[in-house]
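J.: Model the placement of chain B on the given structure of chain A, informed by the hints.
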Amino acid sequence: MHIKVLYFARLREQFGVSEEIVELPDGAVMVAMLLDVLRARGGVWAEQLAAGQAYRVAVNQELADQVAPIEAGDEVAIFPPVTGG
Amino acid sequence: MKISVQIEDFDLGREVTELRAHQPQIGAVASFVGLVRDINDGSTVAAMSLEHYPAMTEKALRDIAAEAAQRWQIIDATIIHRIGDLYPTDQIVLVAVASMHRHDAFAACEFIMDFLKTSAPFWKKELTPQGARWVDARETDETATQRWTKPSKR
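Protein chains in written order, with the working numbering: chain A, 1 to 85; chain B, 1 to 154.
Just chain A, with the same shape it has in the complex:
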């Protein structure tokens, strides 16, 4: 299945991409599995999404944790901790 993934701010610059479609296996999928697929690319992906790095994930525009489910057609965003205000 296809998931739309967006990146913002520092992560957008480090990954060199603001938006892409990621192919994941069909069926029950969690945020953690998407992160595994991205980390498996190695390099800056493995480094920036490593355990202990500070980043946030939103599923369909709501902050989500690693066990949040994702389905075909969902929009997932990965970004650094926010710094507005």
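There may be inaccurate statements among the hints.
Quick list of the computed label-pair ranges, beta carbon to beta carbon [as the list claims (entries may be wrong)]:
no. : chain 1 : residue 1 : chain 2 : residue 2 : range
1   : B       : ILE26     : A       : ALA40     : 50 to 60 Å
2   : B       : ASP90     : A       : ASP65     : 32 to 42 Å
3   : B       : GLN73     : A       : ALA40     : 50 to 60 Å
Please keep in mind that the hints were generated in silico from the structure rather than gathered at the bench. No residue lacks a Cβ here, since even glycine has one placed at the ideal position from N, Cα and C.
T.: For chain B alone, coordinates are given in the frame of chain A:
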């Protein structure tokens, strides 16, 4: 409830006038305005650009205001956050809350700002003499948000 994410500047006086127009039950308005400082983390800041996640930003702000309305007696509120290029002394953010009595307005205004700082998807990039840098999230902002997990009602 007015929620706006905009490039343009805002006028506190005009926003407060609009907020309380035709609502004679309002007895208190508390407001907060955030500004661009010319120094941060030991470096002078010449300019700043604010990026956001357009599809999520307004929803996040609306959710924060709705949560505040659950906790305090709010009559109305205005949240404005600017995006794009900003310079020292520019206004970045406005939160104004109207209520019958001052405690609700003060508390809700501070609550909205604290949650905006840690859950609304905005990111600041500063231009300093050492080059452009993304602003790091502050531990103190996270702490400020966490103290609301046990609401203290007077």
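J.: Hint numbers the structure violates, sorted upward?
T.: none
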